[in-house]
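Model the full structure from these sequences, guided by the hints.
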Amino acid sequence: MSKGCYEPPENPPPSSYPKKLANIIGLFESLPEEEKRENLIAYSEQTKKYEPRPDETFDLEDVRKDEECTDTVGVFLKVHEGRRAQFRITLGPQVQTLTKAMTSILCKGLEDSAPEEILELPADFVPKIVGGQLVRARSQTVYYILTRMKSVCKVYLNRLRAAQQSA
Amino acid sequence: MSEPLSQYAHPEALVSTDWLAEHLNEPGTRLVESNEDLLLYDTGHIPGAVHIDWRQDLQDPLVRDYIAPAAFAALCERNGISPETTVIFYGDKSNWWATYALWAFRLFGHTKVKIVNGGRDKWVKEGRPLTKDKPKVTPAEYPVPAKRFDDEIRAFYEDAHAQMQDGLPLIDVRSPGEFKGDVTHMPEYPQEGVLRGGHIPGAKSVPWKMAVNEDATFKSPADLQKIYTEGCGLKKDDEIVAYCRIGERSSHTWFVLTYLLGYETVRNYDGSWTEWGNRVRAPIERGEG
Chain A
1 MSKGCYEPPE NPPPSSYPKK LANIIGLFES LPEEEKRENL IAYSEQTKKY
51 EPRPDETFDL EDVRKDEECT DTVGVFLKVH EGRRAQFRIT LGPQVQTLTK
101 AMTSILCKGL EDSAPEEILE LPADFVPKIV GGQLVRARSQ TVYYILTRMK
151 SVCKVYLNRL RAAQQSA
Chain B
1001 MSEPLSQYAH PEALVSTDWL AEHLNEPGTR LVESNEDLLL YDTGHIPGAV
1051 HIDWRQDLQD PLVRDYIAPA AFAALCERNG ISPETTVIFY GDKSNWWATY
1101 ALWAFRLFGH TKVKIVNGGR DKWVKEGRPL TKDKPKVTPA EYPVPAKRFD
1151 DEIRAFYEDA HAQMQDGLPL IDVRSPGEFK GDVTHMPEYP QEGVLRGGHI
1201 PGAKSVPWKM AVNEDATFKS PADLQKIYTE GCGLKKDDEI VAYCRIGERS
1251 SHTWFVLTYL LGYETVRNYD GSWTEWGNRV RAPIERGEG
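Here the protein sequences come in this chain order: A and B. The opening position of the first sequence corresponds to residue 1 in the numbering used here, with each subsequent residue numbered one higher. The opening position of the second sequence corresponds to residue 1001 in the numbering used here, with each subsequent residue numbered one higher.
FYI, nobody ran anything at the bench for these hints, they're computed from the structure. For glycine and all other residues, C-beta sits at the position ideal for the given N, C-alpha and C. Heads up, some of the hints might be wrong.
As the list claims (entries may be wrong) - Residues from chain B that face chain A, not an exhaustive set, calculated with beta carbons under 8 angstroms:
#1 ASP1037
#2 LEU1038
#3 LEU1040
#4 THR1043
#5 GLN1056
What the hints assert, rightly or not - The list that follows gives simulated cross-link-like pairs (lysine-lysine, BS3-like), each with its CA atoms no further than 27 angstroms apart:
#6 A:LYS36 <-> A:LYS154
#7 B:LYS1132 <-> A:LYS108
#8 A:LYS65 <-> B:LYS1122
#9 A:LYS48 <-> A:LYS150
#10 B:LYS1209 <-> B:LYS1093
#11 B:LYS1180 <-> B:LYS1134
#12 A:LYS49 <-> B:LYS1125
#13 B:LYS1122 <-> B:LYS1226
#14 A:LYS19 <-> A:LYS108
#15 A:LYS65 <-> B:LYS1125
#16 B:LYS1093 <-> A:LYS65
#17 B:LYS1112 <-> B:LYS1136
#18 A:LYS128 <-> B:LYS1132
#19 A:LYS48 <-> B:LYS1093
Unchecked claim - Cβ-to-Cβ under 8 angstroms is the rule here; a few derived chain A residues that face chain B:
#20 SER44
#21 VAL63
#22 THR97
#23 GLN133
#24 LEU134
Here it is as structure tokens:
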């Protein structure tokens, strides 16, 4: 482990999700497959709601096109007082429907969580939301948004630590 | 049928979006959407279209193979398809999965098949209607096919290997980076479990994308001939095998060679690079080829 770089603990405690995310997971787990799909579609249609607004400023902005995703994705992080994270996301038009749905779910579910909590969030909740039928080789980008959010949180925490060390 | 579709070798296998708009819900036809984006159909589809999922509906859940004839008959019956029904396929990604589904239908001997030129993207870009309403389908009767026609249009590892040994045409339709062995995944996609990069020795690199225009429609017969007939030196009686990673992009090229250019013996090696690139002792070539 490199000095000064935030890394999650090697043996994280038993998985516990942020409350808002846990509520969404609980809802999806209770739904039959058909209603799961309907809810995923509904979430996929809400991505505009989580785009940056003209009057907003951010602590970190990360807009890029990766090999792992079909289009450009922008992740914008604002950490409010009390270490409450708020995400905004921009998605290119070629992003797949499942990825869009996961974007809205994560923006809503991780709102007000601490960056450290997001960084340590296990990805095992994704199949609980998406359902076994939709997770397959060609739908792995469903994990992509979470990876990008964690990446931004890691940079944020590293910068914070560096600032504290130099102060 | 309007020009230039009539100039293709089998123009009956292609319809334009204009034609489709005028023939929605025509008796004796069934419109089928098949996508890579698994939820795309649910977000809105062409009115009257049913959805066929390339994995859940067409592939065996346990063995890496296609469904058995009885399962195919059941799939057709619940989607209102009889042996006399003309099935018109379209989908996302320039019709990758639509041509894959069409090829799978051909495996079961269903020959009344067509592709919507330009697929879903063209229909949407033209501002044509989409609906979330799933059609009320009256189940049809579909006798269980006596066999699958794997021998005619499907190649297995042994076939591709023999093709390589005999110096017969092998068309690698993946991206140049995949062909050269620089990457083990296709651009914009996650790794799909391939251990080694490269291509089958002797294969020619002709990325699938060369066959389509910007709007996802197929290139003209003259342009396609330049690419495959002149560029690759393919002759009408050649036995041709096409492959990619898992068989969907090569389905697209299989459709081009079979229906648009009229090559008579074209097989899709659906095991493709996820089989060859992982197979113990399978020979691999790297670089330009």
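Do the hints match the structure? See the list:
no.: 1; hint: ASP1037; verdict: holds (5 angstroms)
no.: 2; hint: LEU1038; verdict: holds (5 angstroms)
no.: 3; hint: LEU1040; verdict: holds (6 angstroms)
no.: 4; hint: THR1043; verdict: holds (6 angstroms)
no.: 5; hint: GLN1056; verdict: holds (6 angstroms)
no.: 6; hint: A:LYS36 <-> A:LYS154; verdict: violated (31 angstroms)
no.: 7; hint: B:LYS1132 <-> A:LYS108; verdict: holds (25 angstroms)
no.: 8; hint: A:LYS65 <-> B:LYS1122; verdict: holds (24 angstroms)
no.: 9; hint: A:LYS48 <-> A:LYS150; verdict: holds (21 angstroms)
no.: 10; hint: B:LYS1209 <-> B:LYS1093; verdict: holds (10 angstroms)
no.: 11; hint: B:LYS1180 <-> B:LYS1134; verdict: violated (44 angstroms)
no.: 12; hint: A:LYS49 <-> B:LYS1125; verdict: holds (24 angstroms)
no.: 13; hint: B:LYS1122 <-> B:LYS1226; verdict: holds (25 angstroms)
no.: 14; hint: A:LYS19 <-> A:LYS108; verdict: holds (11 angstroms)
no.: 15; hint: A:LYS65 <-> B:LYS1125; verdict: holds (23 angstroms)
no.: 16; hint: B:LYS1093 <-> A:LYS65; verdict: holds (18 angstroms)
no.: 17; hint: B:LYS1112 <-> B:LYS1136; verdict: holds (22 angstroms)
no.: 18; hint: A:LYS128 <-> B:LYS1132; verdict: holds (25 angstroms)
no.: 19; hint: A:LYS48 <-> B:LYS1093; verdict: holds (24 angstroms)
no.: 20; hint: SER44; verdict: holds (7 angstroms)
no.: 21; hint: VAL63; verdict: violated (16 angstroms)
no.: 22; hint: THR97; verdict: holds (4 angstroms)
no.: 23; hint: GLN133; verdict: holds (6 angstroms)
no.: 24; hint: LEU134; verdict: holds (5 angstroms)
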